[in-house]
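Number of protein chains: 2
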Amino acid sequence: MPQRLVIVGGDAGGMTAATNARRARTAEELEIVAFERSEWPSFSACSEPYFVSGEIEEFDALLVRTPEEFARQGIEVRVQHEVTAIDTAARVVTVRDLPGAREFTVGYDFLVYATGAEARRVAIEGRDLQGVHEMHVLRDALAVRAILDASPAPRRGVVVGGGYVGLEMAEALHTRGLHTTIVSSGGGLLGGALDPEMSTHLADLVRALGIDVRVGQRVECIDGREGHVTSVGCGEHTIPADLVILATGTTPRVELARATGLRIGASGGVWVDDHLRTSVPGVYAAGDCAEVIDRITGAAANIHLATIATKQGRIAGINIGGGDEAFPGALGTAITKVHDLEISRTGVTEAAAIAAGIDVAVTTFDATTTAGNWPAATSMRVRALADRATRRMIGAQIIGGPTAGKRIDALAMAMWNEMTVDAMVNVDLSYAPPFSGTWDPVLVAARKLQAVLGGSG
Amino acid sequence: MPQRLVIVGGDAGGMTAATNARRARTAEELEIVAFERSEWPSFSACSEPYFVSGEIEEFDALLVRTPEEFARQGIEVRVQHEVTAIDTAARVVTVRDLPGAREFTVGYDFLVYATGAEARRVAIEGRDLQGVHEMHVLRDALAVRAILDASPAPRRGVVVGGGYVGLEMAEALHTRGLHTTIVSSGGGLLGGALDPEMSTHLADLVRALGIDVRVGQRVECIDGREGHVTSVGCGEHTIPADLVILATGTTPRVELARATGLRIGASGGVWVDDHLRTSVPGVYAAGDCAEVIDRITGAAANIHLATIATKQGRIAGINIGGGDEAFPGALGTAITKVHDLEISRTGVTEAAAIAAGIDVAVTTFDATTTAGNWPAATSMRVRALADRATRRMIGAQIIGGPTAGKRIDALAMAMWNEMTVDAMVNVDLSYAPPFSGTWDPVLVAARKLQAVLGGSG
Numbered sequence: 001m002p003q004r005l006v007i008v009g010g011d012a013g014g015m016t017a018a019t020n021a022r023r024a025r026t027a028e029e030l031e032i033v034a035f036e037r038s039e040w041p042s043f044s045a046c047s048e049p050y051f052v053s054g055e056i057e058e059f060d061a062l063l064v065r066t067p068e069e070f071a072r073q074g075i076e077v078r079v080q081h082e083v084t085a086i087d088t089a090a091r092v093v094t095v096r097d098l099p100g101a102r103e104f105t106v107g108y109d110f111l112v113y114a115t116g117a118e119a120r121r122v123a124i125e126g127r128d129l130q131g132v133h134e135m136h137v138l139r140d141a142l143a144v145r146a147i148l149d150a151s152p153a154p155r156r157g158v159v160v161g162g163g164y165v166g167l168e169m170a171e172a173l174h175t176r177g178l179h180t181t182i183v184s185s186g187g188g189l190l191g192g193a194l195d196p197e198m199s200t201h202l203a204d205l206v207r208a209l210g211i212d213v214r215v216g217q218r219v220e221c222i223d224g225r226e227g228h229v230t231s232v233g234c235g236e237h238t239i240p241a242d243l244v245i246l247a248t249g250t251t252p253r254v255e256l257a258r259a260t261g262l263r264i265g266a267s268g269g270v271w272v273d274d275h276l277r278t279s280v281p282g283v284y285a286a287g288d289c290a291e292v293i294d295r296i297t298g299a300a301a302n303i304h305l306a307t308i309a310t311k312q313g314r315i316a317g318i319n320i321g322g323g324d325e326a327f328p329g330a331l332g333t334a335i336t337k338v339h340d341l342e343i344s345r346t347g348v349t350e351a352a353a354i355a356a357g358i359d360v361a362v363t364t365f366d367a368t369t370t371a372g373n374w375p376a377a378t379s380m381r382v383r384a385l386a387d388r389a390t391r392r393m394i395g396a397q398i399i400g401g402p403t404a405g406k407r408i409d410a411l412a413m414a415m416w417n418e419m420t421v422d423a424m425v426n427v428d429l430s431y432a433p434p435f436s437g438t439w440d441p442v443l444v445a446a447r448k449l450q451a452v453l454g455g456s457g
Numbered sequence: 001m002p003q004r005l006v007i008v009g010g011d012a013g014g015m016t017a018a019t020n021a022r023r024a025r026t027a028e029e030l031e032i033v034a035f036e037r038s039e040w041p042s043f044s045a046c047s048e049p050y051f052v053s054g055e056i057e058e059f060d061a062l063l064v065r066t067p068e069e070f071a072r073q074g075i076e077v078r079v080q081h082e083v084t085a086i087d088t089a090a091r092v093v094t095v096r097d098l099p100g101a102r103e104f105t106v107g108y109d110f111l112v113y114a115t116g117a118e119a120r121r122v123a124i125e126g127r128d129l130q131g132v133h134e135m136h137v138l139r140d141a142l143a144v145r146a147i148l149d150a151s152p153a154p155r156r157g158v159v160v161g162g163g164y165v166g167l168e169m170a171e172a173l174h175t176r177g178l179h180t181t182i183v184s185s186g187g188g189l190l191g192g193a194l195d196p197e198m199s200t201h202l203a204d205l206v207r208a209l210g211i212d213v214r215v216g217q218r219v220e221c222i223d224g225r226e227g228h229v230t231s232v233g234c235g236e237h238t239i240p241a242d243l244v245i246l247a248t249g250t251t252p253r254v255e256l257a258r259a260t261g262l263r264i265g266a267s268g269g270v271w272v273d274d275h276l277r278t279s280v281p282g283v284y285a286a287g288d289c290a291e292v293i294d295r296i297t298g299a300a301a302n303i304h305l306a307t308i309a310t311k312q313g314r315i316a317g318i319n320i321g322g323g324d325e326a327f328p329g330a331l332g333t334a335i336t337k338v339h340d341l342e343i344s345r346t347g348v349t350e351a352a353a354i355a356a357g358i359d360v361a362v363t364t365f366d367a368t369t370t371a372g373n374w375p376a377a378t379s380m381r382v383r384a385l386a387d388r389a390t391r392r393m394i395g396a397q398i399i400g401g402p403t404a405g406k407r408i409d410a411l412a413m414a415m416w417n418e419m420t421v422d423a424m425v426n427v428d429l430s431y432a433p434p435f436s437g438t439w440d441p442v443l444v445a446a447r448k449l450q451a452v453l454g455g456s457g
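Chains A and B, in that order, are what the protein sequence lines are.
When you line the first sequence up against our numbering, it's residues 1 to 457, in that order.
When you line the second sequence up against our numbering, it's residues 1 to 457, in that order.
What the hints contain is simulated information worked out from the structure, not anything from laboratory work.
All of these numbers come straight from a predicted model, not from anything done at the bench.
Backbone N, C-alpha and C fix where the C-beta goes; we use that ideal spot for every residue, glycine too.
Check before you lean on any hint, since a few could be wrong.
One side only, chain A facing chain B, incomplete, derived with CB under 10 angstroms [as the list claims (entries may be wrong)]:
1. T251
2. E255
3. R345
4. S430
Pairwise CB distance ranges (calculated) [as the list claims (entries may be wrong)]:
5. A:G74 to B:H237: 54 to 62 angstroms
6. A:G298 to B:E68: 51 to 59 angstroms
7. A:E418 to B:G100: 53 to 61 angstroms
8. B:G454 to A:Q73: 43 to 51 angstroms
9. B:G454 to A:G298: 30 to 38 angstroms
10. A:G455 to B:V362: 41 to 49 angstroms
11. A:E418 to B:T84: 47 to 55 angstroms
12. A:G187 to B:D366: 39 to 47 angstroms
13. B:V92 to A:V362: 46 to 54 angstroms
Input sequences plus hints: build the corresponding full structure.
Here you go:
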């Protein structure tokens with residue numbers, strides 16, 4: 001009789017675990033069944049803003065893999081099924097068939113807890129008015145796209161929250177022709193990901209693109225008439241709005257984990273060891289609901305990125321399949337864009353470094369995306385951080401024109417290998433005038449930090 | 001009395017040595033004088049094709065730094081001055097003032113031999129006809145640009161040689177509206193830099209851009225009438241031409257080094273140790289004339305790239321200035337483009353790996369430059385190589401649409417750190433749909449090699 005793997009939550013973390021376990025074990029050895037609350041497993045949440053903007057035209061393009069495709073791999077996916085309880089002693093889950101409104105139980109040998117993250121429910125009066133939307137599940141993207149496609153289309157959009165989703169949704173509404181305002185409680189945009197001076201610089205550049213950016217403002221109420229939103233904010237800072245997007249961050253979805261008795265880490269996510277095992281035998285966790293070790297500080301963190309969810313899922317699946325692979329932690333490398341402006345980051349911010357007790361050296365400089373003499377050169381600003389004690393690069397942030405952003409990968413690769421800035425200076429990177437200066441900005445970052453640190457290592 | 005540093009050849013290697021020595025030593029401590037045969041020191045040879053194409057409009061944009069700018073740093077640059085002899089016993093160089101047609105001698109304490117590379121003089125009948133040009137010094141770029149700007153402009157251009165310069169010059173002529181043919185003696189294009197199947201693929205893609213590509217043809221003669229070129233090739237493969245560019249490769253310029261008694265390495269370049277010291281005390285070498293250690297094979301090689309020349313020059317200058325820095329070798333990371341098609345490479349080719357006795361594993365796959373669901377996705381082909389014994393990635397080649405090429409830097413950074421493909425798989429690189437799939441092609445390359453190697457490390 002085969003063993004059974006139950007996946008709780010059928011998105012990036014869970015389904016990647018499923019496919020990797022399947023690669024290692026036949027259907028005769030291991031039955032795999034995934035329960036997903038929504039209508040769709042394995043969807044690209046990161047693509048939602050681009051579906052709203054219309055740049056990704058078809059809804060199907062958001063679906064990474066269908067239940068039928070998983071079935072052909074010998075993975076059973078039950079959508080609109082929610083796991084409501086996990087009995088870790090008996091190794092049995094209780095599942096609710098949402099449309100059928102009935103419950104049943106399923107035994108498991110292995111379980112992957114992969115419930116993802118949920119929108120942070122910031123207390124905002126009027127958040128349930130018509131025309132006010134969160135952006136989290138595919139249904140949200142469908143709803144907002146339908147509003148934008150309807151006639152009359154909304155003319156004024158307000159996005160509450162200056163994080164990745166907020167920024168991407170502001171771009172989407174602006175692309176759709178709405179007068180768009182983004183309201184950030186921080187001093188700039190992407191304040192969690194960038195140091196203050198980069199965050200402020202980004203706000204200035206986004207403003208220059210024609211998007212209204214309000215910083216340092218916390219939205220506490222949304223006004224409406226006849227049940228439909230009319231404006232955001234109360235008192236003096238009121239902004240008229242026909243459509244409001246709430247993008248005030250995400251938090252690990254751990255309610256069931258808590259009820260089940262899985263250990264919750266200090267970060268608020270499900271605690272896992274480097275093999276993605278939770279505190280309970282047979283139960284693994286992967287994705288946004290699980291903690292991840294920050295490679296720079298060594299501390300557990302919540303980093304909600306599809307890249308990390310997928311990598312964790314892969315390793316959980318390999319280990320469930322009988323393998324022995326450790327997840328080496330993350331840097332929080334991320335990239336996004338607003339029209340032609342690219343933003344990327346990796347490693348720790350200055351504030352995070354200081355909080356971790358690191359004596360940090362910092363440089364900020366302007367470079368060009370190509371050689372300076374190339375006509376299409378656009379400017380890019382780079383901020384890079386090093387640990388004075390080890391002379392290692394520990395963080396980097398980039399804001400610039402086309403091709404600026406993906407340079408973060410070379411920096412992340414260097415940081416992953418714990419390179420000193422002195423060693424980085426000599427790395428043989430590519431150059432031709434349409435692509436960079438002789439010293440790519442990646443190397444310039446190392447040289448500038450060398451100058452700040454003094455000496456040559 | 002100050003010591004004196006004499007720079008023989010005032011381009012990337014030499015002038016970078018000069019500025020780095022100057023940073024470490026005041027003018028009171030060290031006099032620096034550079035002798036440059038041509039009219040311009042420190043020019044961007046890599047930009048020449050783009051000046052010819054007109055994309056870089058102004059000639060001044062090719063000049064990195066003028067003699068006046070160097071003078072302000074306390075570095076004397078004497079252009080149109082050629083060092084004709086080096087007496088290493090007396091530490092005296094003989095210099096010829098080319099316009100003045102007189103010779104004089106200058107003593108030195110340190111010398112940097114940085115004469116660069118020269119065009120390989122392939123035996124081709126008719127190579128001195130009017131309308132036949134090499135592309136090496138700035139004067140060549142000026143001459144070809146003048147021909148293209150003149151009326152009537154040439155209509156048919158033929159480029160002999162399928163290397164970087166050949167490819168870039170073919171693009172330039174094509175951009176200027178010429179019916180352009182590129183003739184390569186190899187089976188494809190960039191045959192020295194790419195494995196045969198990538199080289200052939202590139203030839204196909206360049207053809208699809210409207211450039212006539214002839215492979216496997218060696219040009220032995222060029223025909224002309226009234227002293228001006230009329231066609232390339234003799235016998236059956238004749239190609240009509242109004243303008244011919246010879247780009248048949250470069251070779252280290254070592255004649256003076258040989259006469260001086262500097263040891264010449266097996267690669268044909270000036271032998272240097274890891275501090276860029278030649279075999280003769282007080283004499284350093286940097287740039288295209290000097291050997292460089294290939295980090296993958298450990299063998300000395302000729303790699304003629306501005307990036308390497310600059311890095312070698314920097315280290316020679318630091319060491320002359322009293323520092324102690326070693327040059328860690330190179331990977332031969334390079335990038336170029338033909339219109340929207342980007343080509344990049346790093347590390348060893350399969351042939352080079354085999355020649356070095358490496359048991360090599362190879363993968364070639366097609367990916368997209370963005371997420372697959374992104375409308376602007378263009379295809380990119382990646383080829384990656386690993387050492388079966390160590391499971392390390394040792395080479396990579398990329399051909400694809402916009403943004404494909406610079407990914408080579410992340411691969412080079414991984415190879416620089418001698419990462420196994422197993423370790424690479426988990427590296428935290430950036431992702432968003434406009435930039436890549438959840439697994440960037442860099443990581444996919446590692447995963448594909450893992451599959452070829454078997455096991456998980």
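Hints violated by the structure (numbers, ascending):
1, 2, 8
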